[in-house]
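Generate the whole structure from the sequences, applying the supplied hints.
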Amino acid sequence: NAGVTQTPKFQVLKTGQSMTLQCAQDMNHEYMSWYRQDPGMGLRLIHYSVGAGITDQGEVPNGYNVSRSTTEDFPLRLLSAAPSQTSVYFCASSFSGTSYNEQFFGPGTRLTVL
Amino acid sequence: ELKVEQNPLFLSMQEGKNYTIYCNYSTTSDRLYWYRQDPGKSLESLFVLLSNGAVKQEGRLMASLDTKARLSTLHITAAVHDLSATYFCAYGANSKLTFGKGITLSVRP
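Line by line, the protein sequences give chains A and B. Straight run, no breaks: the first sequence in our numbering ends on number 143. Straight run, no breaks: the second sequence in our numbering ends on number 114.
Take these hints with a grain of salt, some might be off.
Under 7 Å between C-beta atoms, here's a sample of chain A residues computed to sit facing chain B [unchecked claim]:
| id | residue |
| --- | --- |
| 1 | Ser62 |
| 2 | Asp67 |
| 3 | Pro68 |
| 4 | Gly71 |
| 5 | Tyr77 |
| 6 | Ser123 |
| 7 | Tyr129 |
| 8 | Asn130 |
| 9 | Phe134 |
Honestly, the hints are just simulated from the structure, not real lab data. Just so it is clear, CB atoms sit at the ideal spot from N, CA and C, and this is done for glycine as well.
Laid out in structure tokens, this is it:
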């Protein structure tokens, strides 16, 4: 299994540009989520999904859209990038079938918005 | 509002000594997670604690959970340089986790 994969690893955008961060998992996990990590802030939840076709907002959803058309993929879209969205983005997935509900994280995407 | 507080935020440790770091959270139930993050890397899962009194150990690290006090501790035995990293605790379930700000541990000779 490849686990949780994210592309690209690095990206530089100009203010106002749009882009999609890709996240995929091959573990048949129902739950997927996006977090952003800023220095001194820990990780903050952007959006999450409990299954294909179902998404909801997390703590910091403004400026981001998500969709979940398949179990495997959970892309994060930035509609109009702003410098405040400069961050490291992590995708995570987990399986509901165990009590521990361990979360698996992807390698991250480092985004810079100029 | 769910909050997770970690302290201290930075800890300089001497090789061979024992240390404890703390994680306080603001509500009950669900799971408590501990992660390790090396600079520029992703998060590595260390422990998942489910119930009051739960204790888990892996190598020099031991995590425990007191749900009544809403407190988790991570005990480090005989610190070694390889343990230098940032350690996060997080609370929640089903891909909805609330993280603390992390504790950066640095082990010196």
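We went through each hint and held it up to the structure:
Given hint, Ser62(A) at the interface with chain B, holds; its Cβ is 4 Å from that chain's nearest Cβ, closer than 7 Å. Nearest Cβ of chain B to the Cβ of Asp67(A): about 10 Å, over the 7 Å cut. The hint is violated. Proximity of Pro68(A) to chain B is violated relative to the hint, the smallest CB-CB distance being about 10 Å (cut-off 7 Å). For Gly71(A), the shortest C-beta to C-beta distance to chain B is roughly 4 Å, which falls under 7 Å, so the interface hint holds.
This hint holds: Tyr77(A) has a C-beta 5 Å from the nearest C-beta of chain B, less than the 7 Å allowed. Checking Ser123(A) against chain B: minimum C-beta separation of about 5 Å stays under 7 Å; hint holds. Because the beta carbon of Tyr129(A) sits about 4 Å from the nearest beta carbon in chain B, less than 7 Å, this interface hint is met. Because the smallest distance between the Cβ of Asn130(A) and any Cβ of chain B comes to about 5 Å, under 7 Å, the interface hint for this residue holds.
For Phe134(A), the shortest C-beta to C-beta distance to chain B is roughly 5 Å, which falls under 7 Å, so the interface hint holds.
Hint compliance for this structure: hints 2 and 3 are broken, all remaining hints hold.
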